[in-house]
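Heads up: the sequence lines are chains A and B, in that order.
Each residue of the first sequence is one higher than the one before, counting from 282 in the working numbering.
Each residue of the second sequence is one higher than the one before, counting from 3 in the working numbering.
What the hints contain is simulated information worked out from the structure, not anything from laboratory work.
Just so you know, nobody snuck in bad clues.
Straight-line distance between alpha carbons at most 30 Å, and here's what the computed DSBU-like set of lysine-lysine pairs gives: (1) K476/A to K348/A; (2) K261/B to K339/A; (3) K339/A to K271/B; (4) K284/A to K369/A; (5) K320/A to K264/B; (6) K284/A to K206/B; (7) K10/B to K438/A; (8) K476/A to K464/A; (9) K353/A to K284/A; (10) K261/B to K348/A; (11) K339/A to K264/B; (12) K264/B to K346/A; (13) K261/B to K320/A; (14) K438/A to K369/A; (15) K124/B to K438/A; (16) K283/A to K464/A; (17) K10/B to K464/A; (18) K261/B to K283/A; (19) K284/A to K261/B; (20) K346/A to K261/B; (21) K438/A to K348/A; (22) K261/B to K271/B; (23) K264/B to K348/A; (24) K464/A to K353/A; (25) K284/A to K464/A; (26) K353/A to K320/A; (27) K346/A to K271/B; (28) K464/A to K206/B.
All figures in this text were calculated on a predicted structure; none of them were measured in a lab.
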Amino acid sequence: MKKCVGVLALQGAFREHRQVLEQLGCDVVEVRRTSDLEKVHGLIIPGGESTTIGKLLKIDGIGDKIKELGAKDLPIFGTCAGMILLSKTIIDSDQYSLNLMDTVVERNAFGRQVASFETDLFVPALGSNSLRAVFIRAPYLREVAPNVGILAEYEGKIVFAREGNLLASAFHPELTSDQRVHKYFLDMIDEHWSK
Amino acid sequence: MTDIASLKVKTGLAEMLKGGVIMDVTTPEQAIIAEEAGACAVMALERVPSDIRAEGGVARMADPKIIQSIMAVVSIPVMAKARIGHFVEARILEALGADYIDESEVLTPADDSYHIDKHDFKVPFVCGCRNLGEALRRIGEGAAMIRTKGEPGTGNVVEAVRHMRTVMSEIRALTLMPKEELMAAAKNMGAPYDLVLYIAENGKLPVVNFAAGGIATPADAALMMHLGCDGIFVGSGIFKSGDPRARAKAIVLATTHYKDAKMLAEISKDLGQAMSGIEISTLTDSQRMQERGW
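Taking the hints into account, I'd like the entire structure generated from these sequences.
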């Protein structure tokens, strides 16, 4: 199956996700309006400013449509701001959430930009080689429900997790050349559509 | 191995700001309005460019208290301006925890020959440019983000358009040149050769490029996005207008939906008075901030 993957293109690093997906042989749709979601087999919510993207999700009912599709098991992958937007609880904030993942997220949890970093992250689900992970004013998951699988932790903090059709990373796999995280998400899409 | 302040981490924040609007603010109240309107970051300063222009005198880094009071009330990144070449102002901003430093021609230059060595800082820098050579000199010095200079505080987009078109057409020209011409091109534009090679091979800047200087309406923002910039800085255009709240929100929407003319028509309605602009030809040479930078 030729996969068609949507990348939410309201604000943030959507172009980088697009490039990785195209390198992996997918058709890519930049999603700005509700109608852009019609044909997609999966959706990536990129890094950016979660408050900005949250406000733009209220336009044209696009956020509601994503909620509806996510609840119907459409595979969705959120990176950084995307992780924040997927989480049901955002600590100390009343900002918009898609309210899909049973997780509690803390924003800017490692500190301001001067504390941003890149590191070698061990992700057992992706094999024995570590992954270079870039964290930029990154969040992490303070708590997750029992049905959420933890894929990676950094210094005891949950930075990569999956709940059924939903995947969330605090880091930015689109900024490095290692494509394993995107391949993992594409496998989730295959799994879902072969059911 | 964990690496803080790598180039990837510095340029990465700018990547996350793409498709967004960065707004000049001078008070915590304005910062909250900007965040509520959907700004992806704010620039904390003491006076917006049009006031700096009107009041004259030496414009310097803002009082740290202003910057801290703005950092305290918003969750989005907070940028701040240092004078060209004033590395001590930059150190102060870094110590305050500013998320980005704008080494800016809007302030009065502190050094008339040299810019800051930006590689030497943990905090990333954005710098202005009028052409590709200037952009590449700043990137060579360590800037992790570039913006056009435009003519700040005028509400007149013509200079930003000129600078964006110049940068884009110079990039296109390099991609068409045979390799033996690139060294002479580097010499002529005063740009580091390795960066000229990068542009020739990749057809784009190695860092994010925003538009700035004179953007006053949603249509201005959409115009700049069409010309190929990655996002928008709005200085005086919001808080010197009749209805900052509505205008800020409209410019955010226009930056996302810049290709959708029907939507632009909707969001351009009822925004009140735009800031009154200045015709560029009425400025004397010493009033042109864009000439600052070397």
